[in-house]
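There are 2 protein chains.
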Amino acid sequence: MNETIETTLDMITTLLREKRIGELHRLFHDIPAADIAELLTEFEGGELLLLFRILPKEAAADVFVLMDPDQMEELLGAFSDREITALIEDMYLDDAVDIIEEMPANVAQRILSRASSDTRREINALLKYPQDSAGSILTTEYVRLYPDTTVAEAFDIIRKTGIDKETVYTCYVTDRQRRLIGVVSARTLMLSDSKALTADIMEKNVISVKTLDDKEFVANQLQKYDFLALPVVDSEDRMIGIVTVDDAIDVIVDEYSEDIEIMAAITPTDKPYLKQSVFSIYKNRIPWLLLLMISATFTGMIISSFEAALAAQVALTAFIPMLMDTGGNSGSQASVTVIRGISLDEISFSDTFFVMWKELRVSALCGVSLAAATFIKIQLVDNLLMHNGVSIAVSAVVCLTLLFTVVCAKLIGCTLPLLAKKIGFDPAVMASPFITTIVDAISLLLYFFFAKAMLGL
Amino acid sequence: MNETIETTLDMITTLLREKRIGELHRLFHDIPAADIAELLTEFEGGELLLLFRILPKEAAADVFVLMDPDQMEELLGAFSDREITALIEDMYLDDAVDIIEEMPANVAQRILSRASSDTRREINALLKYPQDSAGSILTTEYVRLYPDTTVAEAFDIIRKTGIDKETVYTCYVTDRQRRLIGVVSARTLMLSDSKALTADIMEKNVISVKTLDDKEFVANQLQKYDFLALPVVDSEDRMIGIVTVDDAIDVIVDEYSEDIEIMAAITPTDKPYLKQSVFSIYKNRIPWLLLLMISATFTGMIISSFEAALAAQVALTAFIPMLMDTGGNSGSQASVTVIRGISLDEISFSDTFFVMWKELRVSALCGVSLAAATFIKIQLVDNLLMHNGVSIAVSAVVCLTLLFTVVCAKLIGCTLPLLAKKIGFDPAVMASPFITTIVDAISLLLYFFFAKAMLGL
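In order, the protein sequence lines correspond to chains A and B. Under our numbering, the first sequence has 393 at position 393, and the numbering climbs by one with no breaks. Under our numbering, the second sequence has 167 at position 167, and the numbering climbs by one with no breaks.
It cannot be assumed that every hint is accurate.
Treat identical chains as interchangeable: a pair holds within one or across any two.
Claimed, not checked - With a Cα cut of at most 25 Å, we get these calculated BS3-like pairs of lysine-lysine:
#: 1; residue 1: LYS271; residue 2: LYS224
#: 2; residue 1: LYS57; residue 2: LYS128
#: 3; residue 1: LYS422; residue 2: LYS210
#: 4; residue 1: LYS57; residue 2: LYS204
#: 5; residue 1: LYS210; residue 2: LYS160
#: 6; residue 1: LYS224; residue 2: LYS275
#: 7; residue 1: LYS210; residue 2: LYS224
#: 8; residue 1: LYS57; residue 2: LYS165
#: 9; residue 1: LYS210; residue 2: LYS165
#: 10; residue 1: LYS165; residue 2: LYS204
#: 11; residue 1: LYS195; residue 2: LYS160
#: 12; residue 1: LYS19; residue 2: LYS452
#: 13; residue 1: LYS283; residue 2: LYS224
#: 14; residue 1: LYS165; residue 2: LYS128
#: 15; residue 1: LYS128; residue 2: LYS19
#: 16; residue 1: LYS165; residue 2: LYS377
#: 17; residue 1: LYS128; residue 2: LYS224
#: 18; residue 1: LYS271; residue 2: LYS283
#: 19; residue 1: LYS422; residue 2: LYS283
#: 20; residue 1: LYS19; residue 2: LYS165
#: 21; residue 1: LYS128; residue 2: LYS160
#: 22; residue 1: LYS160; residue 2: LYS57
#: 23; residue 1: LYS275; residue 2: LYS422
#: 24; residue 1: LYS224; residue 2: LYS204
#: 25; residue 1: LYS128; residue 2: LYS210
#: 26; residue 1: LYS422; residue 2: LYS224
Calculated directly from the structure, the hints in this document are not laboratory data. Just so it is clear, the structure is predicted and the values come from calculations on it, not from any experiment.
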C-alpha cells in the first residue's frame, strides 16, 4: 500500500466516523476503481456495506469485480435482490462468470437467478467452457460488423452499442452465418473515408483462437502479435467472443506465480500471501515436504548400505554435502532453463535430443571446471592449510564423482520437464526440489562406485 | 514452430530456389509481421537479405524490430545508407532506441547518422534514460490535445497525425506548457457530441508515472488499472511520452524469465535457449556453481570437525541427506513465496515482522508434522522392516533437528529476500540455491549439537 493510498484511507476513516456521507461520495468520484477496491480491503461488516453503497453508480460494478472473494461473498449476502440484479447487469460477462465460479453454490445460484434472462443464458453458455480454456476467459461483448457496413455506419454501431462492449477498438467482421471473415481496427475506421465499405478496409488474414485452446496459449498469441483483443471461434469458425489484452496480462501474471510456486514445491493459490491463514499456507506446503522427505530417505538408505566404506574412509563423508548440493544446483539450472523455454513456447518435445546434446556439452564444460577447482581446493585448503591429509586417490574419487554427477544432473534436469510435458503433467513440477532428490541419490551411487573401484573398499 | 509456419517455410524455400520473386512478395503480404520474423530466423546471408528486400514496404520495419539481434546486425551491415534511413524513419521511436542499445557502437553510430535530424534528436533524448526506467521504454509518439479542442477537431488531429502514433486510443490533454491535465479515450470521443470540448469530457484524475520510475512498476500500474497506455511525465509534470500495453507485457514476461533464471542461479539472458551457444550457457552458469560449491565446502568442514562423533554413531550419517534436503525445501518454499510477494508488490520491508510471525507458526506446524512422520517412519521402516536398530535417542536427535531446521529454514527463507530488497539487491538471488547452502550448514550444526547433548558424544 503506497503513501497516497494510505492518506486517502485516513481521510475515508475520518469521514466515515463523522458520517460525512456526501463528502465520501464526492471523494470516491475521484479515485480509480482499482484503488477503491484496495482501500475497501481495510473495511468489513456494516462499514464495508455502507461504503460500497456510497460508491458512484457507474463505479460500483468495476470496483466489485476487483475485490477479495471473501468481501464479495460478504457483500452479496447483505445485498437486496435488486442490488444484485443492478450489479450483475453492469458487469462485463467474463467478470460475472469469474465471480460465479468463485462463489459457493448457493451464492452463485442467487446471482444467476437475479440476472436478466439474456444475461443468464450467456453466463450459462460461458460457464460450460473448461477451466484454463480460451472459452473460460472470453467475453461475448464485442462490436460485430458485416462486410457491406460502411465506415459511417460502423461509427453509428459503435456509438449505439459501444457503451456495453468491452472494447470498441477492434471490430469483427462476420458473414450472416457469424463466420469470422475479417477484423477492422477503430484506427483504420478513423483514417478511412466515411463511405468506404468494411469489406474493402478490413484485414482478411485474421488470427483467431478456438474456444478450447489453452488460455496460456491465447495470452502468448496476444503478446506475440501485439493485439488489444483476439477473436475466439468455435470448431466451425463461428465467432463466439473475444479475449482482451487486460485479461491476457492477468493470465500471464497468474501463470507466472503458479509456475514459481510449483517450482518451489508449493500448491499454487490465487490468494496474496498476507491474506492467507497460517493453516492454509501449511496445507499448501506440507504434502510436498512429506513427499520429498520420503524420497530423500532413499538417499539415506544408500548411505546406510555403504556404512562400512564410510567407516573405513571417514574423509569421504565430508564431501557428501558439496557433491549433493552441486549436483542439485547443476540439475536445477538445466531443468529451470527448459521449463522456462517450454512455457515461452521456445522448446518442444521434438527438440529433446537437440537439448540433450547441448546440455551434454555444457555439463562436460561445467563438470571439468568444477572438478579442477575442487582438486586445487583440496590440495591447497584441505591439505596445505588444514593438514587433513586427503590422499590423491580420495581427491580423484571426489573429482570424478563431481564430473559425472554434473553431467547426469544436467541431462536428467533437461529431460524430465520435456517428458512431463509430453505425458500431460506440468513441467514446472520437475524443478529444483524433485531434481535435487533424484540427483542426490545418483551422486551418492556414483561416489560409492568410484570409491569402491579406486580405493578398493 | 507450429505446423502452419512450417508449411509456409517450405513454400518460401521452394519459391526462393525457383527465383519466383513476385509470388514471394505476394505471399509475404498475407503473413503477420511476427510470423515473418520467425520465418526469417531460418535464413542467413544473401538469402536473408533478398527475402527482407522483397517484404512489402509497410511491413519491413515491423518485421525488423522483431528479428534476432544477430540477424539485425547482419542486415544492417548489408543495407545501403538509404535503406537504413527508410527503416529507421518507419519505426516507432521506442523500438529504434531498443535496437540502437543492442547493436555494437559502430553499427549504432551508423544508424543514428542516417536518421533525420528530428528523429536523431528524439532518439538521443530517449537514450539518456537509465536502463530499467520508464524513460527507457517510452515512446514520444502519442496524440496530444488541448482542453479547448472540440471532439470534431480531435478526430481531425487523429486523422492527420494518427498514422505515425503508436496508439490513438488514448489522447493526452496538456496545457500550453505541456503539463498533463487530463486524458480522453477514443471511446469517449466516439460516444461524445462532435461539438463538445475536450475539457468537459476528459478524465481529470490522471494516473501517470515519472521518467525514472522502475519499468516493472510501470508495467504493474498498467496491469492494475487495465490501461492501454500510461503517460510518463518529468519531475515538473510535463508530458514526455507514453508506455503502451504491448511493451508492458514484454516487461512482465522478461522480468518473469529473469526472476526464474536468477532463482535457479543462472545469469539472466534475453536470448532463447536454442539460440545460445554452448559456451555462453556455460558462462551464465559456472560462476554460480563455483560460488555455491565453495559455500558448500563449509558444510563439509562442519562434518569434518565432527568426524569423531560420526565414527562413534555411524547411523547418524544416513540421516544427513534427508535433514539437508528437507531444510532446503522448507527454506525455499518460504523464500520463493516472499520473493513472489515482493515482485507482485504485495509484501514490503515494513511487513517483515508480520511475515516472520506467520512463518514461525507455519514452520512450527510443518516441523512437528515432519518430525512425527519421521519418528514413525524410523520405528516402522528402519527398525521393524530393515532391522537397522536405530535407538530411541538417535530418533529423538533426528526429529528434534528436523523440527528446529524447518523453523530456522523458514525464518531465514522469509527474511533474506526482504533484507536483499532493502539494501538494493534483487530478492530473487535469495531463492533455493542460496537458502539451501545456508540451511545445510545450520541443519548440520543443529544435528551435531543435539547429538552431542543427547547422545553424550
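Hints versus structure:
1. For a Cα distance limit of 25 Å, the shortest separation of LYS271 from LYS224 across copies, 16 Å, qualifies, whereas the shortest one inside one copy, 29 Å, does not.
2. Taking the closest pair of Cα atoms, LYS57 and LYS128 never come within 25 Å of each other, the shortest separation being 31 Å inside a single copy and 45 Å across copies.
3. Taking the closest pair of Cα atoms, LYS422 and LYS210 come within 25 Å of each other only inside a single copy of the chain (21 Å); across copies the shortest separation is 46 Å, beyond that limit.
4. Within a single copy, LYS57 and LYS204 get their C-alpha atoms only as close as 40 Å, which misses the 25 Å cut-off; across copies the closest is 19 Å, which meets it.
5. Taking the shortest alpha-carbon separations for LYS210 and LYS160, neither the intra-copy value of 29 Å nor the inter-copy value of 37 Å comes in at or below 25 Å.
6. Proximity of LYS224 to LYS275 under the C-alpha cut-off of 25 Å is restricted to the inter-copy arrangement: shortest distance 18 Å between copies versus 34 Å within a copy.
7. Taking CA atoms no more than 25 Å apart as the test, LYS210 paired with LYS224 passes inside one copy only; the shortest distance there is 17 Å, against 27 Å between copies.
8. In the homo-oligomer, the alpha carbons of LYS57 and LYS165 lie at most 25 Å apart inside one protomer (18 Å), although the nearest pairing across protomers, at 35 Å, exceeds that limit.
9. For the identical chains of this complex, LYS210 and LYS165 are intra-copy neighbours only, at 21 Å inside a copy versus 32 Å across copies, given an alpha-carbon limit of 25 Å.
10. Proximity of LYS165 and LYS204 under a CA criterion of 25 Å is satisfied in both settings, with 23 Å inside one chain copy and 23 Å between copies.
11. Both within a single protomer and between protomers do LYS195 and LYS160 lie at most 25 Å apart by alpha-carbon distance, with minima of 19 Å and 18 Å respectively.
12. With identical chains, the CA atoms of LYS19 and LYS452 are never at most 25 Å apart, being 82 Å at best within one copy and 66 Å at best between copies.
13. In this homomeric assembly, LYS283 and LYS224 never come within 25 Å of each other (Cα to Cα): the closest approach is 37 Å inside a single copy and 29 Å across copies.
14. Taking the closest pair of Cα atoms, LYS165 and LYS128 come within 25 Å of each other only inside a single copy of the chain (22 Å); across copies the shortest separation is 41 Å, beyond that limit.
15. Within a single copy, LYS128 and LYS19 get their C-alpha atoms no closer than 45 Å, and across copies no closer than 51 Å, so neither meets the 25 Å cut-off.
16. Within a single copy, LYS165 and LYS377 get their C-alpha atoms no closer than 68 Å, and across copies no closer than 60 Å, so neither meets the 25 Å cut-off.
17. Taking CA atoms no more than 25 Å apart as the test, LYS128 paired with LYS224 passes in neither setting, with 28 Å inside one copy and 28 Å between copies.
18. Taking the shortest alpha-carbon separations for LYS271 and LYS283, only the intra-copy value of 14 Å comes in at or below 25 Å, while the best inter-copy value is 38 Å.
19. Taking identical chains as interchangeable, the C-alpha atoms of LYS422 and LYS283 are never at most 25 Å apart, the minima being 29 Å within one chain and 30 Å between chains.
20. In this homomeric assembly, LYS19 and LYS165 never come within 25 Å of each other (Cα to Cα): the closest approach is 37 Å inside a single copy and 48 Å across copies.
21. Proximity of LYS128 and LYS160 under a CA criterion of 25 Å is satisfied in neither setting, with 30 Å inside one chain copy and 46 Å between copies.
22. Within a single copy, LYS160 and LYS57 get their C-alpha atoms as close as 21 Å, which meets the 25 Å cut-off; across copies the closest is 37 Å, which misses it.
23. In this assembly of identical chains, the alpha carbons of LYS275 and LYS422 lie at most 25 Å apart only when taken from different copies (22 Å versus 36 Å within one copy).
24. When the C-alpha separation of LYS224 and LYS204 is checked against a cutoff of 25 Å, the pair qualifies only within one copy, where the shortest distance is 19 Å, while the shortest distance between copies is 33 Å.
25. Proximity of LYS128 to LYS210 under the C-alpha cut-off of 25 Å is restricted to the intra-copy arrangement: shortest distance 14 Å within a copy versus 44 Å between copies.
26. For the homomeric pair LYS422 and LYS224, the shortest alpha-carbon distance inside one copy (24 Å) is at most 25 Å, but the shortest distance between copies (35 Å) is not.
Consistency with the previously given hints fails for numbers 2, 5, 12, 13, 15, 16, 17, 19, 20 and 21, ordered from lowest to highest.
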